[in-house]
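2 protein chains.
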Amino acid sequence: MKSFEYHMTTDILFGMGQEAALPDRLKSYGKKILLTYGGGSIKRNGLYDKLRVLLSDFEIFELGGIEPKPRVETVNRGAALYKREGIDMILAVGGGSTVDCSKAIAAATYWEGDAWDMVVHMDRITRALPIAVVLTLAATGSETDAAAVISNPNTHEKLLFFSPCVLPGVAVLNPENTYTVSPFQTASGSADIMSHVIENYFDREQAFVPDAINEGLLRAVIRYAPIALEKPSDYEARAQLMWAASMALNGLGSTGKNFAWSCHYIEHELSAMYDITHGAGLAVLTPKWMRFILSEYTVDKFCDYAVNVWGCERSEDKFTLANRGIDATEAFFKRIGLPSTLSAFGIDDVHFSMMAEKACRIGRLQDAYVPLSEDDVVKILYMSL
Amino acid sequence: MKSFEYHMTTDILFGMGQEAALPDRLKSYGKKILLTYGGGSIKRNGLYDKLRVLLSDFEIFELGGIEPKPRVETVNRGAALYKREGIDMILAVGGGSTVDCSKAIAAATYWEGDAWDMVVHMDRITRALPIAVVLTLAATGSETDAAAVISNPNTHEKLLFFSPCVLPGVAVLNPENTYTVSPFQTASGSADIMSHVIENYFDREQAFVPDAINEGLLRAVIRYAPIALEKPSDYEARAQLMWAASMALNGLGSTGKNFAWSCHYIEHELSAMYDITHGAGLAVLTPKWMRFILSEYTVDKFCDYAVNVWGCERSEDKFTLANRGIDATEAFFKRIGLPSTLSAFGIDDVHFSMMAEKACRIGRLQDAYVPLSEDDVVKILYMSL
Numbered sequence: 093m094k095s096f097e098y099h100m101t102t103d104i105l106f107g108m109g110q111e112a113a114l115p116d117r118l119k120s121y122g123k124k125i126l127l128t129y130g131g132g133s134i135k136r137n138g139l140y141d142k143l144r145v146l147l148s149d150f151e152i153f154e155l156g157g158i159e160p161k162p163r164v165e166t167v168n169r170g171a172a173l174y175k176r177e178g179i180d181m182i183l184a185v186g187g188g189s190t191v192d193c194s195k196a197i198a199a200a201t202y203w204e205g206d207a208w209d210m211v212v213h214m215d216r217i218t219r220a221l222p223i224a225v226v227l228t229l230a231a232t233g234s235e236t237d238a239a240a241v242i243s244n245p246n247t248h249e250k251l252l253f254f255s256p257c258v259l260p261g262v263a264v265l266n267p268e269n270t271y272t273v274s275p276f277q278t279a280s281g282s283a284d285i286m287s288h289v290i291e292n293y294f295d296r297e298q299a300f301v302p303d304a305i306n307e308g309l310l311r312a313v314i315r316y317a318p319i320a321l322e323k324p325s326d327y328e329a330r331a332q333l334m335w336a337a338s339m340a341l342n343g344l345g346s347t348g349k350n351f352a353w354s355c356h357y358i359e360h361e362l363s364a365m366y367d368i369t370h371g372a373g374l375a376v377l378t379p380k381w382m383r384f385i386l387s388e389y390t391v392d393k394f395c396d397y398a399v400n401v402w403g404c405e406r407s408e409d410k411f412t413l414a415n416r417g418i419d420a421t422e423a424f425f426k427r428i429g430l431p432s433t434l435s436a437f438g439i440d441d442v443h444f445s446m447m448a449e450k451a452c453r454i455g456r457l458q459d460a461y462v463p464l465s466e467d468d469v470v471k472i473l474y475m476s477l
Numbered sequence: 093m094k095s096f097e098y099h100m101t102t103d104i105l106f107g108m109g110q111e112a113a114l115p116d117r118l119k120s121y122g123k124k125i126l127l128t129y130g131g132g133s134i135k136r137n138g139l140y141d142k143l144r145v146l147l148s149d150f151e152i153f154e155l156g157g158i159e160p161k162p163r164v165e166t167v168n169r170g171a172a173l174y175k176r177e178g179i180d181m182i183l184a185v186g187g188g189s190t191v192d193c194s195k196a197i198a199a200a201t202y203w204e205g206d207a208w209d210m211v212v213h214m215d216r217i218t219r220a221l222p223i224a225v226v227l228t229l230a231a232t233g234s235e236t237d238a239a240a241v242i243s244n245p246n247t248h249e250k251l252l253f254f255s256p257c258v259l260p261g262v263a264v265l266n267p268e269n270t271y272t273v274s275p276f277q278t279a280s281g282s283a284d285i286m287s288h289v290i291e292n293y294f295d296r297e298q299a300f301v302p303d304a305i306n307e308g309l310l311r312a313v314i315r316y317a318p319i320a321l322e323k324p325s326d327y328e329a330r331a332q333l334m335w336a337a338s339m340a341l342n343g344l345g346s347t348g349k350n351f352a353w354s355c356h357y358i359e360h361e362l363s364a365m366y367d368i369t370h371g372a373g374l375a376v377l378t379p380k381w382m383r384f385i386l387s388e389y390t391v392d393k394f395c396d397y398a399v400n401v402w403g404c405e406r407s408e409d410k411f412t413l414a415n416r417g418i419d420a421t422e423a424f425f426k427r428i429g430l431p432s433t434l435s436a437f438g439i440d441d442v443h444f445s446m447m448a449e450k451a452c453r454i455g456r457l458q459d460a461y462v463p464l465s466e467d468d469v470v471k472i473l474y475m476s477l
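Chains as they are written, first to last, in our numbering: chain B, 93 to 477; chain A, 93 to 477.
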């Protein structure tokens with residue numbers, strides 16, 4: 093177990109109707125709110141109207157239409173709005189894309205110049221607007237972390253930036269706000285949660301307490317994602333998925349660990365280049381990556397995974413057991429309706445070398461649980477084809 | 093899963109040598125530190141000298157000799173010191189008793205009148221001095237919660253008070269600082285951690301994510317307490333116990349649950365009256381309470397406990413399986429060297445009725461997982477004799 097610092101200060105309001113607490117929580121930030129949202133689902137399901145009524149004492153500015161893979165030009169647009177109107181805070185209403193974009197806007201308001209420059213030089217961020225979140229999708233965990241992913245369509249780049257300044261101050265997690273999430277997005281979100289946990293779990297550094305938490309979070313998704321798919325307004329299922337999503341990426345699952353991920357960096361290259369949903373891409377890559385890294389060095393961890401996550405019985409042969417866990421992972425993603433090949437998304441091998449080069453350059457793949465070279469990434473991509 | 097608010101803002105510095113970060117973290121609070129500690133183990137093991145050197149730029153006032161069950165007169169003494177010297181912050185160096193006493197002092201500095209009055213009227217606390225902690229015992233979780241237990245020897249009362257104001261701002265968790273903890277205190281601390289988790293786990297409200305975490309924390313203690321007893325300076329064992337202790341009571345394990353405990357209120361009466369270590373008292377009471385509440389209503393939860401915590405196989409008969417989990421709990425406490433009867437501590441039945449009456453009056457035992465009447469508590473105490 094490595095040394096670590098843990099400091100997660102977001103005030104989490106979890107449960108039905110918790111939006112009602114927002115006016116009281118937000119008033120200490122000021123009067124002018126930049127309300128950010130995505131494609132308009134919050135207008136169709138009534139959440140937008142509910143919040144406008146609740147926040148009638150505030151002056152509201154809006155930035156809607158945030159893309160599923162938020163773009164740097166949208167960030168610049170949000171920051172310009174701040175400079176024009178003197179916004180006091182951002183209220184992000186949506187899933188990870190809206191929250192990520194809002195984080196970037198919050199930091200970009202105090203940044204001189206183009207926001208892409210800020211994303212690249214994240215260590216120079218010193219200040220950001222306060223951020224509050226009303227979450228509408230259980231997936232990225234962005235509501236309780238200090239990271240965001242921003243895309244630059246001009247360069248086909250998709251970069252992760254971290255800054256303690258962009259940790260949300262308040263997060264409303266009302267599971268009811270996820271009832272209208274589509275089956276595909278519910279499944280993709282579930283795969284994203286599982287991938288966050290799996291990335292933390294398969295790590296060079298062993299740490300019992302965080303890994304026991306990680307195993308529990310995986311069991312929660314495995315149990316409740318199928319229920320949410322069958323009955324989209326099952327409160328308990330939506331609640332467990334929502335809480336698991338936050339817990340998966342609030343930093344606890346990586347305490348004491350090396351925290352060098354693998355699949356996410358490969359997937360970011362896929363979704364920077366193609367029209368593929370992040371969680372769905374992860375569901376394709378993860379089982380193939382698992383098979384690729386299974387070896388004498390990793391087999392014991394895979395056995396723990398098979399037993400503690402999937403309930404497999406300890407068998408004589410370690411590799412049989414390890415593969416049973418990987419098979420179960422792959423079968424689960426299929427069961428919740430996600431494609432298991434890149435071809436299903438119309439992706440071919442044209443850009444594999446270039447994507448592998450970028451994944452290795454941007455990610456810390458050489459520090460990963462099993463270090464990955466460009467050749468390794470290309471092999472994993474071919475396995476996923 | 094019930095609605096909840098989660099807001100735990102303590103900055104946790106975990107690992108070897110993390111004390112070194114203290115001067116930088118504390119300087120924002122001011123210059124004058126009240127250094128609180130217990131019976132002097134920190135002078136014997138060198139931690140006191142190390143901290144005095146590290147904090148040589150600060151003006152240090154001292155309050156040593158804090159009792160294992162911190163007394164209200166010590167709280168008043170600390171508050172008087174503040175009023176005389178104008179302290180800026182408290183640095184608690186010790187286990188739960190020192191941290192709890194420091195929390196009470198931190199709030200009592202802004203309280204007019206006797207500190208016992210403050211403990212009784214905890215909802216009137218509005219302000220407290222900043223608190224930092226250097227933890228030396230894995231047990232109470234007080235380093236990342238907003239609660240404290242204070243004793244009044246005159247009235248044989250031992251009360252728990254909560255106030256968001258007393259949540260520590262910084263907590264240094266260096267597992268090396270627990271190497272010199274005695275076997276009995278290591279075992280009692282481990283029983284205390286397990287009891288916190290068990291109290292959260294056996295609850296009227298079901299919630300998968302927190303309970304998966306709770307099961308993992310129990311497995312961590314079951315695995316690492318015997319290792320720490322066998323090899324007191326095993327870093328990994330001390331680290332997992334220390335992190336499990338904080339995680340057990342940082343509020344995550346009770347998110348979405350009813351949070352009405354049982355054994356703690358009964359034990360507080362025992363240790364208010366007799367010379368018994370809190371964790372050791374809990375180790376006596378917990379398995380008896382489990383047997384007392386086992387019924388058709390609770391048996392499924394006990395089966396989960398037996399399987400997911402103790403690794404028992406699912407058997408045909410639910411009650412057999414449930415009892416196997418309880419037997420394992422009892423055997424584990426014996427294995428780590430804790431007595432399993434009250435008689436072993438020289439406690440007889442003289443005060444059972446009076447203690448039962450107080451436990452029911454002070455605790456919310458009627459709201460517990462299985463509601464307990466005074467008669468029930470007396471029965472559990474007799475089972476524990």
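Any given hint might turn out to be false.
Given that identical chains are not distinguished, each listed pair holds provided it fits within a single copy or across any two copies.
What the hints assert, rightly or not - The calculated lysine-lysine pairs, modelled on DSS-like cross-linking and capped at a C-alpha distance of 25 Å, are:
hint, residue 1, residue 2
1, K142, K94
2, K124, K142
3, K94, K323
4, K135, K323
5, K124, K94
6, K135, K124
7, K161, K94
8, K135, K123
9, K94, K123
10, K323, K426
11, K471, K94
Everything labelled a hint here was simulated from the structure, so no lab data went into it.
Please work out whether the CA atoms of K323 and K426 approach to 25 Å or closer within one copy, between two copies, in both situations, or in neither? within (18 Å within a copy, 47 Å between copies)
Have a look at K142 and K94 and pick one of within, between, both or neither, based on CA distance no larger than 25 Å. between (45 Å within a copy, 22 Å between copies)
Pop the pair K94 and K123 into one bin, within, between, both or neither, using alpha-carbon distances up to 25 Å. The answer is neither: 43 Å in one copy and 31 Å across copies each exceed 25 Å.
Since the copies are identical, ignore which copy is meant and state whether K471 and K94 lie within 25 Å (CA to CA) inside a copy, between copies, both or neither. The answer is neither: 31 Å in one copy and 46 Å across copies each exceed 25 Å.
Please sort K135 with K123 into within, between, both or neither, judging by C-alpha distance up to 25 Å. Within one copy only: 23 Å inside a chain, 53 Å across chains, cut-off 25 Å.
Under a CA distance limit of 25 Å, which applies to K161 and K94: within one copy, between copies, both, or neither? Intra 33 Å, inter 33 Å, cutoff 25 Å: neither.
Evaluate K135 and K323 at a C-alpha cut-off of 25 Å and name the case that applies: within, between, both or neither. Result: close within a single copy only, 22 Å intra versus 61 Å inter.
Treating 25 Å as the Cα threshold, decide for K135 and K124: within, between, both or neither. within (21 Å within a copy, 54 Å between copies)
One pair to classify: K94 and K323, alpha carbons no more than 25 Å apart. Within, between, both, or neither? between (42 Å within a copy, 20 Å between copies)
Within, between, both or neither, where K124 and K142 count as close if Cα-Cα is 25 Å or less: within (18 Å within a copy, 49 Å between copies)
Is it within, between, both, or neither for K124 and K94, if the alpha carbons may be no more than 25 Å apart? neither (43 Å within a copy, 32 Å between copies)
Of the hints listed earlier, those the structure fails to meet are numbers 5, 7, 9 and 11, in rising order.
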